[in-house]
Amino acid sequence: MPAHGVRRAFGSVRWLAAPALALLVLFNLLPSALQLVFAFTDWNSFRPEVRFTGLDNLQYLLDDGSLVRGVRVSLTFAILVAVIQNGVGLLLALALERTTRINSVFRTIFFLPVLVSAIAVGYTFRGLLDGDGVVNGMLGMLTGSAIDQAWLGDKNLAIVLVALIHSWKWVGLTMLIYIAGLNGIPEDYKEAARVEGASGLQTFRRITMPLLAPAITVNVVLTIVGGLTTFDIIFATTRGGPARSTEVLNMFIFGQYGSGYFGYATALSLVLFLIICAISLPLLALLRRREVSL
Amino acid sequence: MSQHGRRRALSVTKYVVLTVVAVVLVIGPFWVVLVNSWKTFGEASRMGLGLPTEWAIVENYVEVFQKASVPDGLRNSLVVTITAIVALILLGAGAAWVFARSTRRLDRAAYYLVVLGIFIPPAVVTTIAMLRTVGLYGGHPGLIVFYIGAFLPLTIFLMTGFVRSIPVELEDAARIDGCGHLGVFVRIILPLLRPIIATSVVLLMILIWNEFFWAFFTLKGTANNTLPLGLYYVQSQALYQTRWNLVFTHIVLVSAPLLFVYVLAQRRIMSGLTGGALKG
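Those sequence lines, one after another, are chains A and B.
Here the first sequence is numbered in the working numbering, starting from 1 and rising by one per residue.
Here the second sequence is numbered in the working numbering, starting from 295 and rising by one per residue.
Among the hints, erroneous ones may be present.
In silico SDA-like pairs for lysine to any residue, Cα to Cα no more than 25 Å straight-line [said to hold, decoys possible]:
id : chain 1 : residue 1 : chain 2 : residue 2
1  : B       : 308       : A       : 155
2  : A       : 190       : A       : 180
3  : B       : 361       : B       : 565
4  : B       : 308       : A       : 182
5  : A       : 190       : B       : 319
6  : B       : 308       : A       : 97
7  : A       : 155       : B       : 361
Bear in mind the hints are in silico, worked out from the structure with no lab data behind them.
Keep in mind it's a predicted model, so treat the numbers as computed, not measured.
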């Protein structure tokens, strides 16, 4: 059969994609699109009919200060998480780049937290950071005086600590993606640079970093999006407190939804959706352009 | 010091630092959870690092098993995770085959829309409204289709890249030998996809087994609870608030299945994730 015939015949199996696309549209794309409608209604659990209220929801959330705070807390958290996870993840990947037996053991250890439920991680660290928890006990032993700091109760520290806990859970995945990226760089390039007399730092800056760019893009997008959509760890540790200092958008959406204000919840969810689109679309386009040029 | 000696010293320092970090920051918290799940209430609330003076393993595990209905949670988690993953793999493979081979512009556009979906989180409130509309809200089927919708983009993306690396000549040859389209898919494509299916299953297991946020919104009635939800309800009962021995016991039970699978298939998981993550 000529190639053209095969290709045309292939058209008739496009139905193989249909079940996947149907479910994707019904339970992912359509609900996302519907946010554009319901964010501007007074949809709630107290009345069956839904009315358009225009920008009232956003106006209310702006006036009340909660929208700005939610966005600020979420962005702070996401940036902290992205910096910590990419910094530590890249360092670990560079240290464990070669696949030797001992490195595999370390990779496995650093990957373990990825497998534990975020809720469990949250409870564990709440226990560790408690007033009479392990961390204070260890610090007390080191300093020789009793310490009963309630770490998660400090409204300046809490956001940093929950970002650290989130990063603790996920850094193993970031590390693995960097290792995959590093292993994809042909050894010849580095060897050539070395032969030309480049120092270790120069090789890293001129060869490794540029060739690692796709892994960096993927990791930055994944960590930022992961940070923006966090819920479990904050829910299990601070529940948004103290003084709402860790109330990320998802905590807030959860609260509005739980109280029956579906319109407000959807408006907040739409804001989160738009922030994530604004961050991932350009990065994705960048990634695709690079893919073409390679 | 010779250059060789210096490099050696550097390497030793590296592994000393790595060991300290791994022991204090990773193994430490795991140990605190494990050892305190063996202690009595009084001893666990001091949360020491030492072995229990009075062992309470059996009591703790029996109590958590009964009160938190761990067997139900385990069954529910298995049903939801396995059904969702099987559906995701089969549906994803079908879609990936079409996307990888089609040259139509419309299909290309659809593919990029799908890929974008990897980075966009599902809209919880409107998805639940959709589940209510189609009558799936509250039970496992609703959560399963939620997961299918949420994780199809990732699954399709991983598999499409892989299908592209399979020579199209293999399919043509099978067609000439009289294989139908479905035959080509089942006999040629699916078997060749095995490595990427393994990687996808691992990733999906990690994402779905521990998933809490959407399950919390979607499931109604404690009888439907998956393991992470069970942990939440145990911990949120005031009775357990300070009973760290029982909370930690529950954490061990929730985490054990995935850690067990990981230990069994560790090498494959690592090579799958490091090898397949960026290709495609």
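Structure-based check of all given hints:
Between residue 308 (chain B) and residue 155 (chain A) the alpha-carbon distance is near 36 Å, which puts this suggested pair outside the 25 Å criterion. A distance of roughly 16 Å separates the Cα atoms of residue 190 (chain A) and residue 180 (chain A); the hinted pair therefore holds under the 25 Å criterion. Taken as a hint, the residue 361 (chain B) and residue 565 (chain B) pair is broken in the structure, with Cα atoms around 40 Å apart against an allowance of 25 Å. In summary, the hint linking residue 308 (chain B) to residue 182 (chain A) is supported, as the alpha carbons are separated by about 18 Å, within the 25 Å threshold.
A C-alpha spacing of about 33 Å is found between residue 190 (chain A) and residue 319 (chain B), which places the hinted pair above 25 Å, so the restraint is violated. Restraint check for residue 308 (chain B) and residue 97 (chain A): satisfied, since their Cα atoms lie roughly 13 Å apart, inside the 25 Å limit. The hinted pair formed by residue 155 (chain A) and residue 361 (chain B) fails the criterion: a straight-line CA distance of about 35 Å is larger than 25 Å.
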